[in-house]
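Protein chains in written order, with the working numbering: chain A, 399 to 968; chain B, 10 to 396.
Keep in mind the hints are simulated off the structure, nothing from the lab. For every residue, glycine included, the Cβ atom is placed at its ideal position computed from N, Cα and C. Mixed in with the good hints there might be a few duds.
What the hints assert, rightly or not - Derived Cβ-Cβ restraints for the label pairs, each shown as a range:
#, chain 1, residue 1, chain 2, residue 2, range
1, B, Asp349, A, Asp532, 50 to 58 angstroms
2, A, Leu730, B, Glu159, 51 to 59 angstroms
3, B, Glu79, A, Glu935, 49 to 57 angstroms
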Amino acid sequence: MTEILIKNGFVFDPTQGIKGDKKDIAVKDGKIVDKVSSSAKVIDATGMTVMAGGVDIHTHVAGAKVNVGRNFRPEDKLQAVYEPARGVRHMSGGYSVPTVFKTAYKYADLGYTTVFEAAMPPLYARHTHEEMRDTPILDQGAFPMFGNNWFMLDYLKNQEYDNAAAYIAWLLRSTKGYGIKCVNPGGTEAWGWGLNCLTVNDPVPYFEITPREIISGLINANESLLLPHSMHLHGNNLGNPGNYTTTLDSLKIAEGVKTDNKFGREQVLHHTHIQFHSYGGTTWADFESKGPEVMDYINKNKNITCDIGFVTLDETTTMTGDGPFEHHLTALNHLKWANTDVEVECGSGIVPYVYSKDVYVCGVQWSIGLEMALLAKDHMRCHLTTDHPNAGPFTRYPRVMKWLMNQESREALLHTMKNEDKVRDRSSLSSIDRELTLYEIAMMTRAGTAKALGLADRCGGLGIGLQADIAVYPFNPETDGNDAEKIEWAFGNAVYLVKDGQIIINDSEIVSNGNKKTYWVDVTTNPNKQVERDISEMFTKYYTVTEKNYDVEEHAFMKNPFVIKVDATQ
Amino acid sequence: MAMSTMYPKFSTKTDGDNIIMEQKLLAKVSHLVLKKNVCTGCGICSEACPKEAIVLGLVGAVRRGAVTTEAPISVDPAKCSYCGVCVILCPFNALGLEVDGEPSLPILEQEGFPQYDITAEIDESKCNRCTICHEVCPNDAIIRDVPTFEGVDAADGAKRQAALTGKTTFVVDKEKCTVCGICAALCPALSVDRIPFYAETAKSLGDIVWDEKLCNACQVCALACPTEAIKVERAVESNKLPGKVTIDVENCCTCSWCEKTCPTEAVTIKKFFDGEISFNAEKCPAGCSTCVEVCPCNAIYLPSPASAVGMKKQKEAVIAVNKDLCIFCGACVNACPSEDVIRLKRTEIRVKGPETDLFKKIAEKLYVPRTSKVRETFGHVEVKKVE
Numbered sequence: 399m400t401e402i403l404i405k406n407g408f409v410f411d412p413t414q415g416i417k418g419d420k421k422d423i424a425v426k427d428g429k430i431v432d433k434v435s436s437s438a439k440v441i442d443a444t445g446m447t448v449m450a451g452g453v454d455i456h457t458h459v460a461g462a463k464v465n466v467g468r469n470f471r472p473e474d475k476l477q478a479v480y481e482p483a484r485g486v487r488h489m490s491g492g493y494s495v496p497t498v499f500k501t502a503y504k505y506a507d508l509g510y511t512t513v514f515e516a517a518m519p520p521l522y523a524r525h526t527h528e529e530m531r532d533t534p535i536l537d538q539g540a541f542p543m544f545g546n547n548w549f550m551l552d553y554l555k556n557q558e559y560d561n562a563a564a565y566i567a568w569l570l571r572s573t574k575g576y577g578i579k580c581v582n583p584g585g586t587e588a589w590g591w592g593l594n595c596l597t598v599n600d601p602v603p604y605f606e607i608t609p610r611e612i613i614s615g616l617i618n619a620n621e622s623l624l625l626p627h628s629m630h631l632h633g634n635n636l637g638n639p640g641n642y643t644t645t646l647d648s649l650k651i652a653e654g655v656k657t658d659n660k661f662g663r664e665q666v667l668h669h670t671h672i673q674f675h676s677y678g679g680t681t682w683a684d685f686e687s688k689g690p691e692v693m694d695y696i697n698k699n700k701n702i703t704c705d706i707g708f709v710t711l712d713e714t715t716t717m718t719g720d721g722p723f724e725h726h727l728t729a730l731n732h733l734k735w736a737n738t739d740v741e742v743e744c745g746s747g748i749v750p751y752v753y754s755k756d757v758y759v760c761g762v763q764w765s766i767g768l769e770m771a772l773l774a775k776d777h778m779r780c781h782l783t784t785d786h787p788n789a790g791p792f793t794r795y796p797r798v799m800k801w802l803m804n805q806e807s808r809e810a811l812l813h814t815m816k817n818e819d820k821v822r823d824r825s826s827l828s829s830i831d832r833e834l835t836l837y838e839i840a841m842m843t844r845a846g847t848a849k850a851l852g853l854a855d856r857c858g859g860l861g862i863g864l865q866a867d868i869a870v871y872p873f874n875p876e877t878d879g880n881d882a883e884k885i886e887w888a889f890g891n892a893v894y895l896v897k898d899g900q901i902i903i904n905d906s907e908i909v910s911n912g913n914k915k916t917y918w919v920d921v922t923t924n925p926n927k928q929v930e931r932d933i934s935e936m937f938t939k940y941y942t943v944t945e946k947n948y949d950v951e952e953h954a955f956m957k958n959p960f961v962i963k964v965d966a967t968q
Numbered sequence: 010m011a012m013s014t015m016y017p018k019f020s021t022k023t024d025g026d027n028i029i030m031e032q033k034l035l036a037k038v039s040h041l042v043l044k045k046n047v048c049t050g051c052g053i054c055s056e057a058c059p060k061e062a063i064v065l066g067l068v069g070a071v072r073r074g075a076v077t078t079e080a081p082i083s084v085d086p087a088k089c090s091y092c093g094v095c096v097i098l099c100p101f102n103a104l105g106l107e108v109d110g111e112p113s114l115p116i117l118e119q120e121g122f123p124q125y126d127i128t129a130e131i132d133e134s135k136c137n138r139c140t141i142c143h144e145v146c147p148n149d150a151i152i153r154d155v156p157t158f159e160g161v162d163a164a165d166g167a168k169r170q171a172a173l174t175g176k177t178t179f180v181v182d183k184e185k186c187t188v189c190g191i192c193a194a195l196c197p198a199l200s201v202d203r204i205p206f207y208a209e210t211a212k213s214l215g216d217i218v219w220d221e222k223l224c225n226a227c228q229v230c231a232l233a234c235p236t237e238a239i240k241v242e243r244a245v246e247s248n249k250l251p252g253k254v255t256i257d258v259e260n261c262c263t264c265s266w267c268e269k270t271c272p273t274e275a276v277t278i279k280k281f282f283d284g285e286i287s288f289n290a291e292k293c294p295a296g297c298s299t300c301v302e303v304c305p306c307n308a309i310y311l312p313s314p315a316s317a318v319g320m321k322k323q324k325e326a327v328i329a330v331n332k333d334l335c336i337f338c339g340a341c342v343n344a345c346p347s348e349d350v351i352r353l354k355r356t357e358i359r360v361k362g363p364e365t366d367l368f369k370k371i372a373e374k375l376y377v378p379r380t381s382k383v384r385e386t387f388g389h390v391e392v393k394k395v396e
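Chain A extracted, bound-state conformation (with noise of 0.2 angstroms):
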C-alpha cells in the first residue's frame, strides 16, 4: 500500500488533545504512522484543517423504511438536481432520501467515513446489507431494533436475562448487526393493535411488560454481552408536548449501572435524537423548550451519551421504527403516510415533513437542538446528527456546525422567522452566546461518536496505529476565523479524503469508490437449549420465512464484512 503525508494542516484531534496544532499527519498500510519515507504521496494541507473522518453514530441510510421513503417521494427528486455519471462515480439523485450512492458521496465531501445505519428490522435485514453493500467508501454498520421483539418481550418480563443475552447475541449475529436499538420501547409493538405506550410505565398489550423493564433489561443484557457499543435508546413518547419527563424518566434507568468493556466505552445509554424528547408544554400552544433541563441531567451522569437530532429547516422525510408517532404525525400535517408492521419484531411509518421557519413550532425546535448542544459540558458525549433524514438530511451538518460555532448566524435566522418573538420566548436560545471550536465539533463528530461506538480504537481520531480516515477541509482557523459562510462551506467540500489510507477525494474530486467495509458483532454466549428452542418454535409457528432463511449470509449480502468478536460466556 502507498505511503501518505499530510503536510501543514492545522490538526484538530480531541483523542490527543489537538487543538489546531500544525503538524503533519504521516500514513502507511492503512494506518496512521509516526513518520513515511521520501517516497510518500505528499498531500499540501497548508492554510486547511485536519481531522479523523467523520463518525456518524446514528443515521437513517440503508434498508427496508429508507427504500420505502426513496420510493414514495419521487418528487423528492425535484429539490436536488440529479447528477449524472463521472468519472468514478455512479449517477446520484434525491435530497432528503439520496440514493446509496449520493448518500456515499455526500458523506465523503463532508468528510465522512464511518456511517451507522440506525434502525434495522432483522427481517429485513439482507435488505439493509444488499443498500450498506451497494454504498461505496463508506465504513458501515447498523442496529437491529430489540425494543419490540416478542422474544426480548417475553423474555425481559419473565426476568430470563440469560436467555435474552443468548438470543440477543444470535439475533447480532443472523442479522449482521452491531448493537442494540431499541424504539418506542414496547409501544411500537402496542401500534400492532393500533395503540402506544407514551410512558415508560404503559404496560404493553398482552405481553405485560412495561418500557422501564424493556429498557432497563436491555441496558443490563448488553453489559452483560459486554459489546463494543451501549443500548441505543429512541425513548417512548417522541415529538410530544411534555415528553421530556418520559425522557428523564428513559434516562434515569441508567442510573447506577456500570460498563466494564473493552472497547474503551464508557457510557451504558446512548439516547438518541434528544432533541425531539425535550419538549415542555401540554399543548403545541403552550409548547416550549426542556432542552436545558434534559441537557443538565445528561451533563451529570457520565454513563450517558447523546446525539441531538438537528432541525435544519428544510423540506425532509420523516422515517422511523415508531409507527405510532409516525402515524400521528400524518394526522397533524395531512401528507401520504407509509407504515410497515414486521412480524414478531418492530415497525416503521415514514410521514413527509416540511420544517419551515415561518412556523413557531419548528423555529423552537430548532431551537432546541441548538440550546442543548451549547449547554454541554462534554461534547465528547453530546453528538452531531440531524437523525437523518428526520430531522433534516446529513449534508446540511455543514450547517448546523455553522449555527454552533458563529451566534450571528443563529440571530441572523432567528431575526427572518415570522414568529421571531414567540420562538425566542419559548427557549434560551438566544441568550446563549457559546460558540463552539473546531475542537468542540471535532469531538461531536469524530473522537466522541467513535468512542461511544466502541471503534475508538479504530477512527475517530489521528492517533498512530488507528485506521487512516482522515478529512482535509479548505479552512483556515487562522484566517478564516469565525466566517460563517466559510465555516458551511468548507465542511461540505472536503478538498482531500483518506479512507483506510486510500485517497477518496483528492483536490476536491472523488476518485475512488474506496473499499468500504461493514462492521458486525458476534459474541460468543454459553449454548442455551432454551433459546434455541424457541427460536425453532417461533420459526415453525409465528414467522412466514424459515429460520434457515433468516440468516444474513456474509459471502452473499455483504461487502468486506468485518468482525469484532466478543467472548461473553462465563
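Starting from the known structure of chain A, fit chain B onto it as the hints suggest.
The following block gives chain B in isolation, referenced to the frame of chain A:
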C-alpha cells in the same frame, strides 16, 4: 342372482332427501326411511341398533354440505331387522319405519320398548308471544301461531290495532264540527254522512261516521281537525298478542335455548339425556370448527378474542361449549378429527314406558364415556372409550 336370494329381497334407494332401506317379503314390505338432511350424525341409532346394521360415515363433511351424495349414517338393509328401535331413539326424528307403506312401530304397540320422556312446554299464561324462541330454536321446533300484521310480515296482514284488546272512543263535538271532510279524507275509519248541499240552507251539514274496527287511535284526525272538534281515546284492556306459541315436541331436541332466552320464563324443558361434556381446547388444532357446525344445538362456540388491552398474557381458548345448551347427543365427538378434545359422558336417559332388557342393554352402551380418536377404520367413525 341365485333364486334362493329372491325373498326376502333387500335394497336401498334414494327418493329426494330420503334414503329408503327396503326389506321385501312375499306379502309384506318394510321400509326404514332416513331423512338425510335431518340426520345430525349423533350416532345414537348406531349404538342402539340391536343388529349393528348402522354405521357412521362422513359426519362433518355431510353436515357441512361438502359431500351431498351421502348421509351421516348408512344402514345395511339386509342386516336391519326393521325393529324400529332406532326410530324411537333418534332425538331428531330423522328415521321412520313403514310397513306396507304405512307408518308403524310394532315394538311400541306391543310395549316392548320405552320412549323418551321429554318435557317441552310453554306456559301460555306467561308467554307474551314475543319472537325470541322462534328465532333462537336451532330445529324450527317452535310453532308461533300468531297473526302476521300489516306492513311487517305481509302486506295483507292483520290490522295492527287487532293486536290489542280494549275500547276506543271517538267523539265529535257537533257544535264545533263544520263537516269540512278533512278527517274522512285522511282516514279509512272515518266517512262523512253528508246532508246534500241545498240552496235553501246553503250550509255544510251532516255527521262524521266512525268505524272502530278500522281505527288505530293514531290521533291524526284529532290533530288535523281545524276546529279541534274530535277527541279519540283508547283504553287498552290487554296488549297481549293474539295467537299461541307452542313447541313441536316431535322436532324439539330439548337443547333449552328457548328456555334460557325466554323473557317471561314461560318455557319448561327437560332434556332426555343428562350428562357431562368437557372441551380440552389445548388439544384442539383450531381452524376446523367442524364441531361448531355439526352441533344440532348450537351449543359450541369459538370464544371471542379479548381486546388488545384486555388480554393480560391470556389468549382465548380456541373452542368451548355452553354445557347448559348441550343435549349430550355425541355428534361433536363423532365429527371431531382430533384426539381427546371432547369428552362426553351420558349419565341418565329419561324414558317413559317399559324399561325392557333390550332397553337396558342399549342404555349401557349409550352410557359409555367417549372421546374422539385420530386413527379409525376408513369410512367409519370410531370413538375411543375413556375411563
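What are the numbers of the hints the structure violates, in ascending order? 3
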